[in-house]
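Could you put together the complete structure from these sequences and hints?
These protein sequence lines map, in sequence, to chains A and B. Under numbering that gives the first Met the number 0, the first residue of the first sequence carries the number 0, and numbering increases by one thereafter. Under numbering that gives the first Met the number 0, the first residue of the second sequence carries the number 0, and numbering increases by one thereafter.
For the record, the hints were derived by calculation from the structure and aren't laboratory data. Incorrect hints may appear among the rest.
Note: identical chains are not told apart, hence a pair may lie in one copy or across any two.
As the list claims (entries may be wrong) - Simulated pairs of lysine-lysine, DSS-like, Cα-Cα distance not exceeding 30 angstroms:
1) Lys-56 - Lys-268
2) Lys-214 - Lys-47
3) Lys-291 - Lys-51
4) Lys-169 - Lys-37
5) Lys-352 - Lys-47
6) Lys-352 - Lys-95
7) Lys-202 - Lys-1
8) Lys-60 - Lys-380
9) Lys-47 - Lys-291
10) Lys-51 - Lys-268
11) Lys-380 - Lys-56
12) Lys-23 - Lys-352
13) Lys-380 - Lys-51
14) Lys-380 - Lys-214
15) Lys-95 - Lys-23
16) Lys-352 - Lys-51
17) Lys-1 - Lys-214
18) Lys-56 - Lys-352
19) Lys-380 - Lys-268
There are 2 protein chains.
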Amino acid sequence: MKIIPGGVTAPKGFEAAGVEAAIKYQNRKDMAILYSEKPCVAAGVFTKNTVKAAPVKWDRKLLDESPYVQALIVNTGIANAGTGEEGLRCSMDTAKEAAALLSLPQSAVLVSSTGVIGPLLPMDRIRVGIQKLVAQKAHTPESGSDAAAAIMTTDTHPKEFAVACEIGGKTVTIGAMSKGSGMIHPNMGTLLSFVATDAVISKETLDALVREDVKDTYNMISVDGDTSTNDSFIVIANGMAENEEILSGSADYEEFKKALRLVNEHQAKALAGDGEGADALIECVVLHADTKENARILARSVISSSLTKAAVFGHDANWGRILCALGYSGAPFDPESMEIFFEGGGRRILLYKDGRGVDFDEDEASALLAEPEVRIVADVKRGGESATAWGCDLTYEYVKINGDYRS
Amino acid sequence: MKIIPGGVTAPKGFEAAGVEAAIKYQNRKDMAILYSEKPCVAAGVFTKNTVKAAPVKWDRKLLDESPYVQALIVNTGIANAGTGEEGLRCSMDTAKEAAALLSLPQSAVLVSSTGVIGPLLPMDRIRVGIQKLVAQKAHTPESGSDAAAAIMTTDTHPKEFAVACEIGGKTVTIGAMSKGSGMIHPNMGTLLSFVATDAVISKETLDALVREDVKDTYNMISVDGDTSTNDSFIVIANGMAENEEILSGSADYEEFKKALRLVNEHQAKALAGDGEGADALIECVVLHADTKENARILARSVISSSLTKAAVFGHDANWGRILCALGYSGAPFDPESMEIFFEGGGRRILLYKDGRGVDFDEDEASALLAEPEVRIVADVKRGGESATAWGCDLTYEYVKINGDYRS
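This is the structure we're talking about:
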């Protein structure tokens with residue numbers, strides 16, 4: 000397994016493009032296509048929000064009912080959420096337009112939107128965008144990068160990544176593009192992550208894999224149930240690597256699972272580190288929890304704590320806020336028998352042990368918190384399970400971005 | 000029932016004081032006493048955080064086991080949380096010192112702390128502070144105000160309030176002092192609220208009343224289970240109004256309940272409106288929910304949403320963020336059959352109805368959001384229950400305060 004250059008066009012048979020369609024933003028790419036030469040099996044997980052965006056409803060239906068998919072059209076600027084029946088028609092028309100140009104059935108075209116909730120999509124501009132996308136799509140690294148750039152909203156840089164692994168003597172490649180950025184409070188920024196692979200794998204096996212993977216990757220930057228109206232994580236596999244089918248429980252499965260995890264963990268961290276206004280990536284590792292789920296709950300609680308985030312921004316080693324966030328997480332632990340420490344820049348500083356703060360060098364701790372990546376470790380000493388969650392610091396810039404996002 | 004001037008010293012027989020003890024802050028009052036001439040029955044609710052501050056442990060024990068209480072000592076600057084056995088000894092010693100000077104049993108003295116998690120209390124300075132408090136305590140409006148000022152941390156002004164009502168021909172008075180302020184994310188700012196009354200009421204009846212009241216007052220500015228290590232709401236009643244005992248279910252009970260609700264709702268709103276860095280009080284009213292608890296969950300979700308708070312700060316009528324926050328609350332509703340509107344400054348603006356945004360005047364909406372009090376109404380049209388929650392906007396100042404609170 001190795002990291003390779005590129006993104007969604009790294010696997011065999013995938014084409015992409017990103018174009019300017021002026022959906023909301025001017026002078027930037029704001030529509031993207033991902034297309035496969037061959038039909039793909041697909042699996043995905045979507046927002047748990049009661050209010051689901053129209054494209055989420057369309058995609059969920061396709062993944063449940065369509066035998067295969069072959070293309071994905073994404074727009075930014077407008078989320079097509081809170082738009083009722085008319086919004087759903089816009090998503091279906093988007094798929095229909097693209098399908099006609101690509102000579103596919105409508106049921107083979109996924110759609111995705113991100114941006115402001117409320118307005119309807121400007122279908123005239125969407126149509127022009129689709130025409131450009133279909134004309135320009137290509138199996139090149141540049142076109143993958145164009146697509147990754149086009150799906151951004153307030154992200155500061157595109158997020159693409161690719162990994163190659165060996166499955167039964169064949170090279171299987173996985174490539175991804177993702178966007179996030181309203182992630183400093185991960186509960187409301189839309190997360191979109193699209194993963195393409197040339198692996199031969201059944202829909203059922205892929206589906207199981209995706210549901211398992213997401214628990215330790217994207218869900219560890221997004222508190223469960225606190226998701227936006229548009230969150231979508233979709234994996235499509237076109238089988239062009241011609242490996243022997245990856246069967247659940249096999250050694251191939253484990254290898255593919257590891258590769259997929261690497262891709263998604265990388266993307267999840269990249270999303271957290273590029274949270275709106277973020278200066279630093281915060282990683283929280285919980286060690287020795289009694290159950291995996293409790294480890295996840297504790298880790299997520301820390302990286303979701305505004306006061307912890309603000310303390311990291313201020314380079315203030317205020318471990319009390321971490322202890323407090325662990326305490327209100329709902330997962331059991333004994334504050335009288337545990338440790339909290341910071342890691343970063345090659346240093347490790349113990350802050351709290353068995354019920355009491357520990358003397359530490361404030362200047363050294365402050366310097367550690369000034370690193371671009373800060374790791375908070377909580378060892379709860381109860382069992383054998385661990386989990387990692389990712390977030391970022393809370394800055395003035397976050398308030399600025401969100402005080403004036405829509406207008 | 001009428002609002003009267005004053006705070007905790009408004010009811011008969013209560014004395015208070017606030018003094019400078021230099022616990023952490025210099026040149027400001029940072030210790031307070033509330034004392035009753037006669038023994039009091041007491042009831043209270045405390046943080047649900049797994050990590051409980053030492054004073055919370057002490058007070059919980061007293062309320063469970065002590066037949067009466069007669070005094071309360073509060074310090075700010077240091078929370079006495081995350082301080083283990085030694086911290087508990089500090090709280091007990093505080094009670095012991097005060098008890099000796101007041102000729103009370105140690106078990107009649109409640110203690111409360113708020114401030115930084117981690118450090119131990121400087122007991123030498125606490126002792127000097129107690130001596131001053133006992134020497135200066137008085138049954139005057141000024142001493143009540145001094146105590147209300149002394150319990151503040153980052154609050155911008157003291158929060159006291161008093162109400163008088165008639166119970167069986169006698170005037171019963173209720174007075175309160177509260178502090179909050181880390182409330183823009185209500186989950187982590189310490190909330191302290193102390194209510195004194197001269198009512199004759201049994202401990203059991205008072206306890207039931209407090210537990211009912213808190214659900215619609217303080218818990219509506221603080222998401223359940225997301226509480227600081229020190230949150231405390233305590234009511235003490237000394238019986239000096241000499242009313243006939245207030246019995247559960249009686250008309251007197253209803254009258255007293257209404258008066259207590261008025262006091263606590265006022266204090267809760269004052270805490271929310273004075274959230275750290277806040278420019279505006281946000282009130283969210285959920286109408287026609289199927290159950291009371293679902294109404295509360297929906298209302299709390301909106302006032303806890305960072306993106307909604309930031310939008311109010313930016314005077315941006317971004318109703319999509321409100322819809323989104325309702326959607327991830329976990330409480331059921333149908334986005335296709337509901338309304339969202341703003342109220343404020345005498346105006347009412349419909350934003351969303353039955354699945355779609357409604358045309359509205361952006362300038363008018365922006366002007367409404369510039370008011371010091373903004374009301375968001377969500378009518379979910381499912382049943383007969385409603386609830387109100389209070390929060391505040393998210394501002395640059397919040398990040399500033401919390402990026403540099405401890406250092």
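- request: Up to 30 angstroms between alpha-carbons, please classify Lys-95 paired with Lys-23: within, between, both or neither.
  value: within (22 angstroms within a copy, 67 angstroms between copies)
message: With identical chains, the pair Lys-214 and Lys-47 could be close in the same copy or across copies; at 30 angstroms between alpha carbons, which is it: within, between, both, or neither?
response: both (14 angstroms within a copy, 27 angstroms between copies)
Alpha-carbon proximity context of Lys-60 and Lys-380, limit 30 angstroms: between (44 angstroms within a copy, 28 angstroms between copies)
task: Give the relationship of Lys-23 and Lys-352 under a CA distance limit of 30 angstroms: within one copy only, between copies only, both, or neither.
output: between (52 angstroms within a copy, 24 angstroms between copies)
query: How would you label the pair Lys-380, Lys-268 (within, between, both, or neither) given a Cα cut-off of 30 angstroms?
result: This pair counts as within: shortest intra-copy Cα distance 26 angstroms, inter-copy 41 angstroms.
field: Within, between, both or neither, where Lys-380 and Lys-51 count as close if Cα-Cα is 30 angstroms or less
entry: Between. Shortest inter-copy distance 19 angstroms satisfies the 30 angstroms Cα cut-off; intra-copy 40 angstroms does not.
- request: Since the copies are identical, ignore which copy is meant and state whether Lys-202 and Lys-1 lie within 30 angstroms (CA to CA) inside a copy, between copies, both or neither.
  value: within (25 angstroms within a copy, 68 angstroms between copies)
message: Checking an output row: Lys-51 and Lys-268, CA cutoff 30 angstroms. Within, between, both or neither?
response: within (25 angstroms within a copy, 32 angstroms between copies)
field: Identical-chain pair category, Lys-56 with Lys-352, by Cα at 30 angstroms
entry: Cα proximity of Lys-56 and Lys-352: across copies only (20 angstroms, versus 48 angstroms in one copy).
- prompt: Is it within, between, both or neither when you check Lys-56 against Lys-268 at 30 angstroms Cα-Cα?
  reply: For Lys-56 and Lys-268, only the intra-copy Cα distance (27 angstroms) is at most 30 angstroms; the inter-copy one is 39 angstroms.
Homomeric proximity label, Lys-1 with Lys-214: Cα distance no greater than 30 angstroms: Classified as within: same-chain Cα gap 23 angstroms, cross-chain 55 angstroms, threshold 30 angstroms.
message: At most 30 angstroms between CA atoms: does that hold for Lys-47 and Lys-291 within a copy, between copies, both, or neither?
response: Answer is both: 21 angstroms inside a copy and 23 angstroms across each meet the 30 angstroms cutoff.
Of the numbered hints given earlier, the model fails none.
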